[in-house]
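Colleague: Chain by chain, the residues run as shown.
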Amino acid sequence: MFPVLLALLFQSLLAQPVIGQAVTGMVTDENNQPLPGVNVTVSGTTTGTITDVRGTYSLRINVPDPVLRFSFVGYKPLEEPVNGRAVVDVKMYLEASVLDDVVVIGYGTVKKDDLTGSVAVVTNEELTRTPVANLSKAIQGHAPGVVVMQNGSPGGDVSFRVRGIGSINFEPNPIYVIDGVVGGDINSISPQDISSVSILKDASAAAIYGANGANGVIIVTTKRGSNTGKMKVSLSSFAGTHLQPKYYNLMNADQYADFYNKVYELNNVTPPLAYSDDFRKWYYNGDWHKGTDWQKEILQKNITQNYYFNVADGNERSNYSISANYYSEDGILINTFTDRVNLRANSDFKLGKFVKVGESLSLTRRKTRNSNWDAWGMALETSPLMNVYNPENNGGYEGTQIGVDYINPQGDTLTVPNTGGNDKYNPKGIVALPNNRDYSDGLLANVYVEIKPASWITFTTTPSIDAYSNHTKDWTEQYDMGVRTIPASTLSEDYSSGNAYGLKNQFDFNKEFGNHSFVLTAVQDLRYGTNTSVNVDASVFPYPQLNVISQAVPDNVTATGGEGEWKEAAYLARLMYNYNSKYLVTMSIRRDGSSNFGPKKRWGTFPSFSFAWKVNEDFLQNVQQINMLKLRFGWGQTGNSNIGGFRYQTTLAEPIHFSPVFGLDQTEAYALNELWTAGNPYVKWEAADMLNFGFDLNAFRNRIQFSSDYYIKSQYGLLLEVPISRIYGKWADVAPVMNIGDIRNSGFEFDLKYSDMEGELNYKLFANLTTVKNEVISVPSDILTDNNITTEGHSIGSFYGFVAERIIQESDFDANGDYLYPVPSEGKPSPGDLMFRDLNHDGQISDLDRTVIGKGIPDFTYSFGGEVYYRNFDFSVFFYGIQNADVYNTLRRDLESLEAQDRDHNKSANWAANYWTPERPSTEYVRADLNDSNRNTRLSTWWVEDASFLRLKDIQIGFSFPDRWLEHVGLGRVRVYASGMNLLTFTKYDGYDPEAPLSEGDPTTPGVDASSYPIPRSFTGGIQIDF
Amino acid sequence: MKRYITSLILIIALVSSCTDDYLQVENKGSLTVENWYNTADDFQAALNSAYIPMMENGMFALDMTLTFGTFEDRTLFENTGRDRFSTMYPSSGDASNTWGSLYFGVYRTSKLLSMLNEKGVDGIEGMTAGNFDYIAAQARALRGMYYFYLTIIFDRPILYDENSLPDNYSAVYSNANQSDLWNQIEKDFTDAYPDLKLRSGLDDAEFGRVTSGAAMAQLAKSLLYKHYYYYERFGLAGSDEDIADLTKARDYFKQVIDSHEYALIQPQAPKTRKDYLYAILCNSSFVDLPSENNIYDSENNIESVWEVQFGDDQAYQNNPWLNGYFSGGALNEQYFSPHEASYRNHEAHPAMYYAFETEGAPAPFDRDPRCYASFYFDGDLMDFNPNSDYYIPFKSGLNSKKVAQMRGLTLPAGTQSLGVKKTHFPVYWDGPLAPSNDPVNKRVIRYADVLLMYAEVMYLTGDDGSGLDALNQVRRRVDMPDISALTTQAIIHERDVELAFEDHRWFDLVRWSFSLEWGIDWSQIDWGIDANNSVNPFTKNKNEFLPIPLSEINVNDGALKQNPGW
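In order, the protein sequences belong to chains Z and A.
Going by the working numbering, 17 is the number at position 17 of the first sequence; the sequence numbering is gapless.
Quick note, the working numbering runs 10000 ahead of the 1-based positions in the second sequence.
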């Protein structure tokens, strides 16, 4: 008895260990190798340690019923009750996310390890780490091969390029597949709702989308409920503010008046009285020496906020996830704003043994208020002598060239235009007065029925709908701003809506025969879309407080509208085969038809093939450091069917574009003619051939993950509006389209991730690099826009202009005053003008001396950063950069030159102080003269700048509340953080922001900074709570 | 299991059938060429659209004034670029706008004629033989007009007609021969005028359509121009062909004069100052002008021979600046008028003022009355209507623009600039902004021009006295004394003062310059450019013509040659 009792007592003593008891043990991996550096803590306490190089640890316990918690990056966390033991040895297993990660690909999923194509995956964690507006912005820098450029407008669009620019006339945007449905607007999705994003980059992956895949495919999968039976509630929120990143150094009022007085004097003209000290003192309401700083006047105080709520629950039979998101952002520019509401409900139900049904439903409403972005440029040119406000004017703002009755010191009353020769807008009035709203609603829904009659066969049918409606309402109430007065209120409303209905029928056969594994997929995918639009312009509102169309004077209402439809059909088959998960082959073929294609080219066929080999399983089995080394090769063909409708028909202009008048009472006569499109019945998709070579390497217990790809993407048969002679009587910008262009994009992609920990410090590092070489292989003739050229051997939309050698000095003229160098066709230059290079050596400077002088497409983009976790703190930095892209800085051009047209515009203070004069023969700044016969302002290398930049995109510090703070309030996790975005930008670019102009313009006109919305600096704080 | 598979097969069969039909969708937004050109209405609509190129910015809506009106020596552009031709180069928009507008005209007329030929009267629903010929004649006359301007502006443009309509986009075209171009112009007008209506035969609703008088006057004008642009320029003056063409020109002018369809608008008694001015100004105004006792008809009046119509609707859109491309009319008002908010790009060269004779001027004038119809002087009222916002005095130097003064030119006493009054009286728009459209019809040929061209052709062919009389008719209208002898100087002077600022001067200078006899010395032409740019901007054998647009040279792959010097 006693020994028994003693044993019991002993046991209970062990079970209720003495405070301060030591526990030791060893942590090993699944191969029984010791794991050093594992974090070992006693649950619910701050007691903790890490394993040493032999994987052993030692701890003192001071709580009852202790549970040890083992955690190590890349491994599944483990909780082990001590149960009185003095020695607790554990084995840790690699985290499933590394080994068994499933990647969503087109029409299916595949184990990440078994991928044969080039697919970039961005996780929810990466997407939501930086507090940004939308998915496109969140992806920037996180997906090698994808170049995202943005401007700073609230909710503004971004340019999203997968592996270069492969279309000239059509936005080379990737297609979006949201929960299996093609369509939708990814910028209307809440980033927090997304579980993962897969970007199909090479053709072997994207060819499954055939005629829609040439510009890449972005597959978005949203969160669904888990089947664990544990309800999860999450809340998160952030709020922040944006700041203007930079200002130009402009002349203040004194400098401005002084500058123009001198310029007028140089040209033998009496300067306007408005520039005299007396007048300025009399007129200006404020510090008349400084005048108005328009760059600051156009800005507003702003706040950005985001609230996200999600509930998810589920069990073996059914699950759901419901979320709501509200996001709002004020821009830094007055009257720019966006907000967005998202509701989402995803659910799945098992019906009996074979059938599963489910749905994904999302509703979005987005509202945007857009002001006149030109304000960025206007703020530079408006006279600083002008007052901001004038209560006597309708609208309350001062205008230019308002005649004011001024009594001069001699006592005469004179009518003087308040701004002298400056006749620009009041930049503040022009952004503050109009009320331009843009509402867009979206519904994206699909329902699926999955029937699985046998374990190896699945049939799924998915009807879907993608519906949108947009409404813009631009209202400008009548205002007076001097010469820029709007004498009548105007209202312009546009309604457009569309539906795309889809039906997808899919079979999957999944079978293994010994080491041979087969997945065969066959799909039929049909889509049908309609769209309709109505636009109404109205002006003159007797009661402007009623700004609805019906209140306009009826004669001043005009309406237009249209309707259209389109259809697509596709059939595809794909076989994925692998032998022992070692040799992997994927083959697919898709046949695509579209109503956009000409009647003679309705269908296209798009094949692909890819192969991967896990080399380490054949050769490097003994090299334990290497967990996986996989070589990949892929080839495929894809197309771009987004070529507009009915380009195969020769159409007549709409009658609204014509109205000659005849008769004594000048009556409009009905007129029509062929003018619009010149049809081409052979018009078809733009095609792409892609080759991809890559490898993936996981090493050092998967701590290092490295992958690299090289690709060549040849896009041919690009639809070009063939410039035809105007003798065909066609409208110049709606020329016939033919499949004749040819472009090649090629490049490398590198992606490196590293994670490790030292002591209590966990960290992850990442870096990636994407190079793109964009080259026009053939175009029927050069495509010239104002500033850009698309010509063979260069990037799309390269800058086309003159080579400016230097500033002409007096020594460049001989004793007779004759200029010693080639003379521009416009006339003899003067000292202080730019000397242009006579490239064709014909002894004169003419249009023939233009050449390619830059390009708006960067050679490479890169990003790097890291995250550090220390106890409850986390810290991260994220840098993003681009290299070798150019921007034509028209703002600087305007600020550092003068011609008659921009007489009286404000200018750079630096230029005004340093411009070329005979006494001050500058080599950096051209002369200031109203007569710019040399056309110094023409596009030349002088005004094209290197826009390479490296930017600290995000720096963030977070703090997660310790568990013991939360236990009692029932919260699972609480994290607070502060983030600073775009705080630092390293660049030689002189303008507000090098990135914004690169994001704008169509593919053939990238990189012109005319008035781009700069990306602001921003400061944000946020909180994330899980219940 | 089996039933699943059966139902799946059924589903597939159902959805995959007839997908080719499935892909067919109708174009709900536009008419297509294939299903048009069927009815008389279709052809009428096509004809109406063939008039539009005249009203385009590249032609009479803007560029005729903006380009050629500033090239001439009687205007000063606010900056020297246009005066110096330096805004004109092969890639400049002005060249391609003009080229493009003119070929819109050539294509539409030729396409229309080819479709008429293809369908025939009987193949067109609702078409009558008379209407068929009338439509064809208008199309021909319009095409003759478009080719005339193409030839005098671009020298050797591309030539095609309804039988050689361009339809293959990969074809390349080369420059036409001048003789072929001139023959085409002559043929088009000669074919056209017999089927056109007389001015007096037009319905009120038809004004603005080409009349037989207009076609004939333009035909004669073309033959007169051909003498210089072709015969004189290539050393063929005095050849039998030249004489024959001039004789034809003379006869056509004479036919127009003798038709009595047209007349000079005369100042009515009692002849006040206003009567003199309005008898001139009504030919470039958009509203009838009332003097104290009389009213002077303006648009489509009896003096108007060829007039491009611009609607009077005040097409006032969201942006009152630089808008209104098609619908209403020209933008001249916005650029050049003395309106407060106009750019006021133009100012008159003071030399034009001094060109008006002082001797023999009728009371109360100290100078040829046409002088006071041509300029605004400081203090001149800009409207006749006391209720107008523009019943206010003209004031120099709006927007600090006093161009002549800036360039050191001597102005008449009492004014700091000379505003252009023709086409800008009265100032059209009462509002604070210049309108987006201009209601003023463009008189391309008026009867005074016909008389002066007749005088010129008589001078060239040997005057029987009727030439001198024609010129003196023009002078007598404003009671200026007759001249006694028809000389080149008399003709140059009379055209200068009578047609001031009506965009004739540039083409007059160019065509006369091809003939030594007329003594046009480009180095002596005073463009009024400033001291900084004193070098003569004109390059002989280059600036007479515009460059062919670079884009045309490019697409025609070497076949189309650029004009010399460009």
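Don't read these hints as lab results, they were simulated from the structure.
Please read these numbers as outputs of a predicted model, since none were measured by experiment.
Check each hint, because a few of them may be wrong.
Below, a list of computed lysine-lysine pairs in the DSS-like style, where the Cα atoms sit at most 30 Å apart [as the list claims (entries may be wrong)]:
| no. | chain 1 | residue 1 | chain 2 | residue 2 |
| --- | --- | --- | --- | --- |
| 1 | Z | 511 | Z | 600 |
| 2 | Z | 353 | Z | 111 |
| 3 | A | 10422 | Z | 828 |
| 4 | A | 10119 | A | 10028 |
| 5 | Z | 301 | Z | 262 |
| 6 | Z | 600 | A | 10119 |
| 7 | Z | 112 | Z | 281 |
| 8 | A | 10028 | Z | 473 |
| 9 | A | 10395 | Z | 281 |
| 10 | A | 10402 | Z | 281 |
| 11 | Z | 76 | Z | 764 |
| 12 | Z | 296 | Z | 246 |
| 13 | A | 10395 | Z | 262 |
| 14 | Z | 350 | Z | 452 |
| 15 | Z | 988 | Z | 301 |
| 16 | Z | 600 | Z | 112 |
| 17 | Z | 232 | Z | 246 |
| 18 | Z | 350 | Z | 367 |
| 19 | Z | 828 | A | 10542 |
| 20 | Z | 76 | Z | 582 |
| 21 | Z | 828 | A | 10402 |
| 22 | Z | 353 | Z | 137 |
| 23 | A | 10402 | Z | 262 |
| 24 | A | 10395 | A | 10422 |
| 25 | A | 10561 | Z | 828 |
| 26 | A | 10028 | Z | 601 |
| 27 | Z | 301 | Z | 112 |
| 28 | Z | 296 | Z | 988 |
| 29 | A | 10028 | Z | 600 |
| 30 | Z | 511 | Z | 230 |
| 31 | Z | 567 | A | 10402 |
| 32 | Z | 356 | Z | 232 |
| 33 | Z | 223 | Z | 600 |
Some chain A residues well away from chain Z (every beta-carbon gap over 12 Å; in silico) [unchecked claim]:
| no. | residue |
| --- | --- |
| 34 | 10168 |
| 35 | 10186 |
| 36 | 10195 |
| 37 | 10255 |
We put the beta carbon where it would ideally sit given N, CA and C, even for glycine.
Colleague: Hinted pair, alpha-carbon criterion (30 Å max): residue 356 of chain Z, residue 232 of chain Z. Please report holds or violated.
Modeller: At roughly 23 Å apart (the allowed maximum being 30 Å), residue 232 of chain Z and residue 356 of chain Z satisfy the hint.
Colleague: Please verify whether residue 353 of chain Z and residue 137 of chain Z have alpha carbons no more than 30 Å apart.
Modeller: Violated, because 43 Å separates the two Cα atoms, which is more than 30 Å.
Colleague: Within 30 Å, alpha carbon to alpha carbon, are residue 600 of chain Z and residue 10119 of chain A?
Modeller: At roughly 28 Å apart (the allowed maximum being 30 Å), residue 10119 of chain A and residue 600 of chain Z satisfy the hint.
Colleague: Decide if the proposed pair is consistent with the structure: residue 988 of chain Z and residue 301 of chain Z, CA atoms, cutoff 30 Å inclusive.
Modeller: holds, 28 Å
Colleague: Given the hint that residue 10028 of chain A pairs with residue 600 of chain Z, does the C-alpha gap stay at or below 30 Å?
Modeller: With Cα atoms ~21 Å apart, residue 10028 of chain A and residue 600 of chain Z stay inside 30 Å; holds.
Colleague: Take a quick look at whether residue 828 of chain Z and residue 10542 of chain A sit within 30 Å of each other, Cα to Cα.
Modeller: holds, 17 Å
Colleague: Can you confirm whether the C-alpha distance between residue 567 of chain Z and residue 10402 of chain A stays at or below 30 Å?
Modeller: violated, 62 Å
Colleague: CA of residue 10422 of chain A to CA of residue 828 of chain Z, is that 30 Å or under?
Modeller: violated, 35 Å
Colleague: Holds or violated: residue 10395 of chain A and residue 281 of chain Z, Cα atoms, limit 30 Å.
Modeller: OK: residue 10395 of chain A and residue 281 of chain Z at ~26 Å, within 30 Å.
Colleague: With a cut-off of 30 Å on the C-alpha distance, tell me whether residue 296 of chain Z and residue 246 of chain Z pass.
Modeller: holds, 11 Å
Colleague: Residue 112 of chain Z and residue 281 of chain Z: Cα distance at most 30 Å?
Modeller: Violated. Residue 112 of chain Z to residue 281 of chain Z sits at ~72 Å, over the 30 Å cutoff.
Colleague: Would you mind confirming whether the straight-line C-alpha gap from residue 76 of chain Z to residue 764 of chain Z stays at or under 30 Å?
Modeller: Measuring from Cα to Cα gives roughly 16 Å; hence the hint holds.
Hints 1, 3, 5, 7, 16, 17, 18, 22, 27, 30, 31, 33 and 34 from the earlier list are contradicted by this structure; the remaining hints agree with it.
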